[in-house]
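Starting from the known structure of chain D, arrange chains Y and C with the ligands on it as the hints suggest.
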Amino acid sequence: MFYREAGQFKTSYNKDQAVFPIIQDRWFIAAVIIGAYAVVPFAADEYWLQAVIIPFLILALAAIGLNLLTGYAGQVSLGTGAFMAVGAYACYKMTTNIPDLNVVVAFLISGVMAAAVGIVFGLPSLRIKGFYLAVATLAAQFFILWLFNKVGWFYNDNPSGTITAPPRELFGITITGPQATAEARYFVSLTFLVVGAIVAKNLVRGRIGRSWMAIRDMDIAAEIIGIRPLQTKLMAFAISSFYCGVAGALYIFVWLGSAETEAFDLLQVSFPILFMIIIGGLGSIMGSIMGAAFITLMPIFLTNFPPMIGIHLATDLQKHLEEIIFGGMIVAFLIVEPHGLARLWQIAKEKLRLWPFPY
Amino acid sequence: MPATRNIGDVLLDVDGISISFGGVKALSDVSFDVREHEILAIIGPNGAGKSSMLNCINGFYHPQEGTITFKGKPRHQMQTHEAALQGIARTFQNIALFKGMSTLDNIMTGRNLKMKKNLFWQMLYFGPALKEELEHRAVVEEIIDFLEIEAIRKTPVGKLPYGLQKRVELGRALAAEPDLLLLDEPMAGMNIEEKQDMCRFILDVNDEFGTTIVLIEHDMSVVMDISDRVVVLDYGKKLAYGTPDEVRANQDVIDAYLGVAHE
Amino acid sequence: MEFLNAVFVAPFLDIADSPVFFAEVVIGGLMSGVMYSLVALGFVLIFKASGVFNYAQGAMVLFAALTLVGAMEKGAPLWLALLIALGVMVALAFAVERFMLRKLINQEGIILFMATIGLNFVLEGAGQIAFGSDVKRLDVGLPDNSFEVGGILFNTFDLSAAFIGAAMVTTLALFFQFTPMGRALRAVADDHQAALSVGIPLKTIWVVVWSVAGAVALVAGIMWGAKAGVQFSLVLIALKALPVLILGGFTSVPGAIVGGLIIGVGEKVAEVYWGPTFGGAIEGWFAYMLALAFLLFRPQGLFGEKIIERV
Ligand SMILES: Nc1ncnc2c1ncn2[C@@H]1O[C@H](COP(=O)(O)OP(=O)(O)OP(=O)(O)O)[C@@H](O)[C@H]1O
Ligand SMILES: [Mg+2]
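Protein chains in written order, with the working numbering: chain D, 202 to 560; chain Y, 45 to 307; chain C, 84 to 394.
Straight-line distance between alpha carbons at most 30 Å, and here's what the computed DSS-like set of lysine-lysine pairs gives:
| # | chain 1 | residue 1 | chain 2 | residue 2 |
| --- | --- | --- | --- | --- |
| 1 | Y | Lys143 | C | Lys286 |
| 2 | Y | Lys203 | C | Lys186 |
| 3 | D | Lys402 | Y | Lys160 |
| 4 | D | Lys552 | Y | Lys203 |
| 5 | D | Lys330 | C | Lys286 |
| 6 | Y | Lys175 | D | Lys402 |
| 7 | D | Lys520 | C | Lys310 |
| 8 | D | Lys552 | C | Lys186 |
| 9 | Y | Lys143 | C | Lys131 |
| 10 | D | Lys550 | Y | Lys203 |
Covered by chain D, per the in silico footprint, the following chain Y stretches (three or more residues, Cβ under 8 Å):
| # | stretch |
| --- | --- |
| 11 | 126-137 |
| 12 | 143-152 |
Derived from the structure by calculation, the hints contain no laboratory data. Note that the structure is a prediction, hence the values are computed from the model and not measured. By construction, the Cβ of each residue, glycine as well, lies at the ideal position given by its N, Cα and C atoms.
In isolation and in its complexed conformation, chain D is listed as follows:
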C-alpha cells in the first residue's frame, strides 16, 4: 500500500535515471547506510565485527570488483585472489618503506598496482573467451602467489615469510595493526565499501557500463557499433583489479593483520568470491553485496545451528556436512533463481508494490 510509485511522476530524464527511482527505496537505502554507521558498531560486539562483519565488508568490495569484470563485462576470472594479493603486497611494501605515506593513499595506490597487473593478465582476453579465459586467469592466480612466495623482496626478506600490517593512523586514530580497535577497522572497511559501491553503480549506468555489457552480450555487434573490444575489456580488467587490489590491502591491513600468500588461495578466496557474485546476481552491484553476506554468514550459520538445536557433531563430520549443504544449496539456488538474490529481491519488491491487490 505504501510502497509504490503511484503519484511519483518522473518529471525529467534525470529523475528517471536515478539509481533508486522510487522514493521508498531511497529512504530504505539511506536508513541502511545510517544504521551501518550509527548503530552497528555499538550493537555488535568485538567477535561479530572481527569474525563476520569486517570480512563481509571487505569481501563485498572484492565481489563488486569481480562482478564488474564477470557480471558486466562477461570475462570470467578465477584470479581474484591473486589480484587481491597484489594489492596486499604492494601496500605492505609501500607502508614499510615509506612510513610517512598516508595509509588511505597507500590503499588506493595498491589498487592501481593491482590494476596494472590486471591489465597484463587481461591482454589474452582479446583472443580467448569464456572458459579459456578462465584458465588464463588461473595462470595469474598460481603464478603471482608463487612469485610472492619465492621472491623475498616482496615480504622484505623477513624469515617467517609473512607480511604484517604496521600500525598506521588516520585522523589520529590507529586503523591498522594490532592496536587498531575493531570499531575503527569497521568504519574504514564500511567507508570503502560504500564509496566503492556508489562509484561502481555510477560506472555501470553510464557509457562505460553499457560498453561492458555490450561486449558481454554480443561482442561482434558491439565492435560494429564502434566499441573497441580490447580497450573495453582491459578497462574492465583494470577497474575490477583495482577494486580487488584495494580489498586485498584491506584484507591484510584492517582484517587479518598479517598473512602469507595462502591467505589468497584459489579455493579460499577466488572461488568463494565467484560464488558471491553468482548467488548474489551477475551484473548487479547490490547483488554482490548480498552474495557476500550470504557466503560469509552461511558457514557461521551451519556451524552454530546444530548445537543450537542440541545436536553436537564431531568437527570433521561437521565440516563435511557443511560442504554437502553448501554445495547442495548452490545447486538448489541455481535451479530456483539463476539470476541470484538481486533478482529475488526485485521480485519481492514487485510483489510489495502490488500489495494488497494481487493485480
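Just chains Y and C with the ligands now, kept in the frame of chain D:
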C-alpha cells in the same frame, strides 16, 4: 515519390569486389555505387552473397580483390569500429541486440561513439557526465518516439517479440546518426502490418534525416516500392543493376530469380 | 647474464650431457601425462555431449576411488569392489541427470559450470563422510618394480598404468565409432536437434555420458590412488586438467590425450631443468602459463575446430 528527393553525389563506391571462403566464392567482381540520400536494395536468392557484401562494406570482411571508396576516400583493410567512426551503421540478419540490456540501454549504446566524458566524470555520474548522459538520453527518447516503442523502454530486449527486436535494432543503428545505414533483411519474418510499419520507418528515416540506405530484402513488392535502385546478385555475381523498372524488365533476372521466387 | 645462461644455455647442455637422464625425465612426465589425459577425457566426454563444463570431474575421481577403497576395506574382493564403485558412479549419473541437469536445461554455460562446482562440494563432503578423510592406501595388485632397458629406468607400475590408460582410450574411441549409442553421442555434440532425430532421448544420452565419465574417473582414481594414496588432493588434479583441455580443445578426445602428455612432459622437464633457476616449485603454474602462451597463438586448441565468426 522518390524522385522528389534530391539524390546527391556518390557516397559509396564498390568496385570489383571479390571474396571467397575456402572454395566458396561468395562475391566475384561486384561493382556498384550508392548515391547520397538514395535507397539501394540488394536482392538475390539465398546464399547469393548479399550479407557478405554488407560485411565488406562495414569492414567485417576484408575483400580479397577490389576497392571500396566511402566519402571519396578509398579504403583498405580496417577494423569494424573504424567503419562506425566514419558513419556507417547497420542491422543484422540474425538480430544482434545486447540481450541482457533494456531497449533504452541498447539504443544508448548506439550513441557511445558520441559520448566523450572520461572515466573520472563517469565515476561521479555528476556534472559534465550527467549533462552528457541526459543530452543523449533526450536524443534516444526521440528515436524511441519515432519508432513507437515507448512502452518497452525499460524491457530487457531478450524478452521482446521478434518484430520489436528488429525495431530496437534499427533504433540502435539510428542512434549513431549514420551517413550510411545498412539493413540486412529488416523485414524478414514479419507479418504484413509489421512490414508496413518498418517500410514507413525506413522511408521516414530516408526522408527526414536524409540518411542513405542500403538494404537487403526478399519481399519483391517492398523492394520495388521503396528503393531507388536495385542490385541483383546471384551466386556472388552481379546479375543486374538499375532502377526497379529496369531490373524488373531484365531477362536474366526474370530467368534466374523473379520467375521462381515471385509468383 | 648468469640468469640468461641458466635459462637459455645450461639446461640444454645438461640435456646433451646426459640423454639417458633426460629420457627418464620425459618418461616420468609421460606417465603423469597419462593421468592428466584420463581426467581431461572425462571432461571432454561430458562437455561434448551436454555442453557442461564439469568442474566436479576431480571430485568424481576422488569419490570413485574412495568408494573402491571403502568397499575393499569392508572385505570385498577387488572385482566386487570395482563393480560396486562402477555401480555407484552410474547411480551418481542418474542422480545428476534427475536432480541437476534436467532442471537446468537451457541455462547458460556459466550457470551449469557453477552447478558442477556445487556438485563438487557435495561429492567431496559425501565421499569423506562415508569413507573417512585420512589418506588411504590402494593396492590393486599391479606390480611395482623397476627394470632397465638401455640404461633407462622403467617402472612396471607406470607402464601398466600407461597401458590401462591407452586401453581405456581405445575402448572409448571404438565405442564412439561403432555403436549406435556412440554415434548418437557424437551427434549430440554437434547438434542437439540432430541427436533427437537419431531417436535417443537426450536424458538417456546424458545419463550414459555421465556414467562413462564416472567410469573414466574410476580408472583415473585407481591409477592416482595406487600411486599416491587416495586422499583429498585428488580433487586438485581437476585443476591440472584445465590446461590440458586448453591445449587439446574442449571437444577433442585425441586432444585430451595429446594435451595431457604434453603438459605432463613439459611440466616435468621444466621443473627438473629450469625449476632450480626460478627457485623451484614451478610445477604449480607452469602448465597454465604453457597453456596461456599456446592459446595466444591457437585460440581453438590443438585439435579444436577453428572458430569462424559470422553475423
Ligand atoms: N564467414 C564465412 N565463412 C564461410 N563461408 C561464408 C562466410 N560468410 C559467408 N559465407 C558463404 O558465402 C556465401 C554467401 O553467403 P551470404 O551470407 O552472403 O548470403 P546471403 O545472400 O546473405 O544469403 P541469405 O539470403 O541466406 O542471407 C554462402 O555460401 C555462405 O556459406
Ligand atoms: Mg544474408
